Amino acid sequence: MKRIDNNLFMGTIFVGLAMVLIASPAPAYPPDPDNAALLYYQGFLTVVELDEEAQDRIKNVAQGETAPDDKVREDISKCKGAIQLAEAASEVPACNWGVQYSKGFDALLPQMAHMRFLTYVLVADARIHASDGDYKGALEQCLITGKFAHHVGDDTLISYLVSLSVRALGYKCMQDILGQATHDEETLGWLKNEFAASSIYTLSPAKPLKIELEIVTDLMQMDNIEKLARILADSDEKKMADIINKADKKILEQARRIYSERINSALTVLSTPMPYEQAHLQLKQSANNFDPNDPASAAAGSFIPALARILTLKTRSETHANAIKAAIDIYLTRARTGRLPDALPTGLPKDTFSGKDFKYEKTKDAFILRCRGKDMDKNEIYEYEFKVKK
Amino acid sequence: MRPKENIEEFVKIRKPHVTTSREMDKRTLNDSFAAMEQAIRTKSTKTGGLRVIIRRRPVKIMAAAATVIVAVGLFLGRGRHTPSNPTGEPLIVAQSSVKKMSLISMRMAYQRGGFDALDRQLRDTLDLMRPQSLSISMQELLEGVNGS
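If you read the sequences in order, they're chains S and P.
Going by the working numbering, the first residue of the first sequence is number -3, and it counts up by one from there.
Going by the working numbering, the first residue of the second sequence is number 23, and it counts up by one from there.
In isolation and in its complexed conformation, chain P is listed as follows:
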C-alpha cells in the first residue's frame, strides 16, 4: 500500500479503537508540531525547494503528516474517551451502510444475484440511511443560535 493510503487506512481503522487522554493528546500534538517545525527548518536550510525536501525526506514528512492527522483525529475525538455504545454497533452499521452505497458493492450485488439482489441492497441502504430532517423541529434546528 502507498504511504498516503497507509495513513488513511490507519486513521480509518484505528482511530475508533484508541482510548485517549488529555496527556496523550498533548504529547501527540507536541510531537507533531516538533516534527513539523523540523520539516520547516529543513526546508529553510536546504536549497532546491520543496520538491528536493520531499524527495530526500519522504518518510519524515509522511510521518509528520501521519502524526498530524492522527493528532487531529484524536483531538476531535476528545470528550468521547469512553464510547457512548461500548458494543460499537452504530459504527458497524454506519460502515456497512456506506459500503453498501458504493458502486462496487452494488455492482457485485448485481453480479451475484441479479436485479433482485441489487433491489434488496437498495432497500437496505434506504432503511439504514433514511434521513431524519423532517423530524427535526424548528426549535432543534435553531438550537445554539442566540444562546437558545
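In isolation and in its complexed conformation, chain S is listed as follows:
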C-alpha cells in the first residue's frame, strides 16, 4: 500500500513538472521593447547616410511637390530599416521618449528634429507605393504617420506642434492618394474603418500648457533668477545683468500671478465647447495686452505662447481629418453608384472652423470640400481638393 502511494506521489510530481514545462516554455530571447520610443530611436539611427540633397529630395516627394524618381527611391531604400522600425513602433501602445522634464526649459529634445525627418521618409515611402499602384500599402503608411503623431505626444508645446505637423503631412498624402484608389470599394471601406479607429488618438494643447504653467511658475522664483534672466535677455549679458539687478520677490510674484491667470483663462476656453471664432477671440485677449514698461507684465508676456494660433492649428488639423472622412464617404458613393453625388450626403463630418457642413463643389477632376469658416489668423478659407484617377 505504501509502495503504491509512493509511486502515485512520484507520478504526480513527474506529470506536474512535465505540465509546467509544457505550459510555460521560457523564451530563449528577451521580449521586444514595450516602449515605442526605443524602436523610433533605433529608426532615427538608421537614416544617417543621407546628405542634405537627399533629404531635400525626400521632403519634396513627401510634400507632393515632385513625383518619386529613381534617386529618391534609392534614398528611401536606405531608410528601409527606419521604416520597418517605425511600423513596429506604431503597434506598441506605450511611448515614453525619456525627456528629462525635471530640467524644465533646459530639457533637451534632440528627437524632435529626427521625428520631423522620419515623417518625410514615411510619407515619401507612401507616395512611392502609390506611384507603383499599391494604394492600400500607401494608405497603410499614411495611417502609420497618424499613430506616429500620437506617439510624438503632447507633453510639451513643441511636441504638440510637431505632432500636428506629422499629422498634416500624412493627411495631405492621404488626400492625394484617395483619388487614385477610388474604384476600389473594398480599400475605401477598409480605410474608412481604420481612419475612424485612428481618430480616437487625439492630442490637446491643454496638457502642454498645464506643464508649461508648472515650469514657468517654478522658473519665476528668485532662486532661478539667473536662468530666468538668461531666457528673458536672450543671453545678452548686459540685459541679463539689468534684469537681475531690478528683479525682486514682489515683481516675480506679480509675474507669476499674471502668467497663471492668463494660462488658466486659456485652459478654461480650451475646455469649454464654443465656436472657433469665439474661442479665438478670447485666446487672443489672453495672449495680448502686456505692458512692456511693467517688468512683471513683460516677463509674463514673454512666456505666453500664441494661444489663438495654437487653437487655429488644432482646428485646422481636425478640419482636415473631417474633410478626408467626408471624402471617403463621397468616394464610396461613387464606387457604388458609378458617379459622384450631386450634393453633399447628409451626416458627414463638419468643417470645425464654422461647425457647419463643408461646401461641396463638383469639379472636372472630382470635387472640392470648402470650409465655411475662415482661419482668423491668416484671414484664409481652406479648401480641400480631391481628384479622381482618369
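Among the hints, erroneous ones may be present.
[To be verified] Simulated DEER-style distance windows between Cβ atoms:
id : chain 1 : residue 1 : chain 2 : residue 2 : range
1  : P       : F137      : S       : P271      : 22 to 28 angstroms
2  : S       : S98       : P       : G136      : 27 to 33 angstroms
3  : S       : N285      : P       : G136      : 17 to 23 angstroms
4  : S       : T62       : P       : F137      : 19 to 25 angstroms
5  : P       : G136      : S       : S231      : 20 to 26 angstroms
[As the list claims (entries may be wrong)] Calculated from the model, a selection of chain S residues having no Cβ within reach of chain P, i.e. all distances over 12 angstroms:
id : residue
6  : D28
7  : A103
8  : E181
9  : T213
10 : P269
11 : N289
12 : D290
13 : P301
14 : G334
15 : V384
[Claimed, not checked] Think about it this way: if two alpha-carbon atoms lie no more than 35 angstroms apart in a straight line, the pair counts; the simulated DSBU-like pairs of lysine-lysine are:
id : chain 1 : residue 1 : chain 2 : residue 2
16 : P       : K122      : S       : K386
17 : S       : K374      : S       : K358
18 : S       : K203      : S       : K352
19 : S       : K76       : S       : K352
20 : S       : K370      : S       : K168
21 : S       : K235      : P       : K122
22 : S       : K280      : S       : K355
23 : P       : K121      : S       : K245
24 : S       : K132      : S       : K67
25 : P       : K122      : S       : K246
26 : S       : K223      : P       : K121
27 : S       : K234      : P       : K122
28 : S       : K310      : P       : K121
29 : P       : K121      : S       : K321
30 : S       : K310      : S       : K374
The hints are simulated quantities; they were obtained by calculation from the structure and are not laboratory data.
Since we're looking at a predicted model, the values are computed, not measured.
Ideal placement from N, C-alpha and C gives every residue a C-beta, glycine not left out.
Take the given structure of chain S and dock chain P to it, following the hints.
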C-alpha cells in the same frame, strides 16, 4: 547664482580655455586631496555628523568640491594641452547645436517666428547633430578589442 551652479558654470565655461601642464595638474590634484583630507579630518573630530559640517563649513566644502571637479576636468583634458583646432570652432558648433535642442530654444524659436522658425531650427539641429554610426566600419567599431 547658487554655489553649485557657480561651479557647474565655471567648469562649463572656463575649462576649454585653460592651458594645463603636468605640473599644474599635479599641483591642483594635491591641493584638492589636501582640501578633501582636511574636510574628512574635520568630520572625524567634530560631533553632529555631516549635516553639521556642511552647515559650518559650506565654503570650504564647496571649494574642495570645486577643486576636485576642476582637477578631474583638467586631468581628463590631459594630452590636449594644445587645442586640435585653435579657432575653437567645433566647440562653438557643439554648444550652439546643444542649445538649439533645448526646449526653451525651440519654444522661443516658435514664439519669434511661428512654425516656420521652429521647422528651420529642427532642420538646423538635424544638420548639426546627424549621427554617423552607419559610416563606421566593423573594423573601426572593434578597434581596440584584442589589440586590433
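Going down the list of hints, with the structure as the test:
1. F137/P / P271/S: 22 to 28 angstroms: holds (24 angstroms)
2. S98/S / G136/P: 27 to 33 angstroms: With a Cβ separation near 29 angstroms, S98/S and G136/P satisfy 27 to 33 angstroms, so the hint holds.
3. N285/S / G136/P: 17 to 23 angstroms: This hint holds: roughly 20 angstroms between Cβ atoms.
4. T62/S / F137/P: 19 to 25 angstroms: holds (22 angstroms)
5. G136/P / S231/S: 20 to 26 angstroms: With a Cβ separation near 21 angstroms, G136/P and S231/S satisfy 20 to 26 angstroms, so the hint holds.
6. D28: Non-interface label on D28/S holds, nearest chain P Cβ at 21 angstroms vs cutoff 12 angstroms.
7. A103: violated (5 angstroms)
8. E181: Answer for E181/S: holds, closest chain P Cβ roughly 38 angstroms.
9. T213: holds (15 angstroms)
10. P269: holds (26 angstroms)
11. N289: holds (20 angstroms)
12. D290: D290/S clear of chain P: closest Cβ-Cβ about 19 angstroms, beyond 12 angstroms.
13. P301: violated (6 angstroms)
14. G334: holds (42 angstroms)
15. V384: holds (32 angstroms)
16. K122/P / K386/S: Answer violated: K122/P to K386/S is near 47 angstroms, above 35 angstroms.
17. K374/S / K358/S: holds (26 angstroms)
18. K203/S / K352/S: holds (27 angstroms)
19. K76/S / K352/S: violated (42 angstroms)
20. K370/S / K168/S: holds (19 angstroms)
21. K235/S / K122/P: Since the Cα atoms of K235/S and K122/P sit roughly 21 angstroms apart, the hinted pair holds (cutoff 35 angstroms).
22. K280/S / K355/S: holds (28 angstroms)
23. K121/P / K245/S: With a Cα-Cα distance of about 28 angstroms, the restraint between K121/P and K245/S holds, given a limit of 35 angstroms.
24. K132/S / K67/S: Measuring from Cα to Cα gives roughly 23 angstroms; hence the hint holds.
25. K122/P / K246/S: Holds, at about 32 angstroms.
26. K223/S / K121/P: holds (14 angstroms)
27. K234/S / K122/P: holds (22 angstroms)
28. K310/S / K121/P: Holds, at roughly 28 angstroms.
29. K121/P / K321/S: Distance ~41 angstroms between K121/P and K321/S Cα, so the pair is violated.
30. K310/S / K374/S: holds (14 angstroms)
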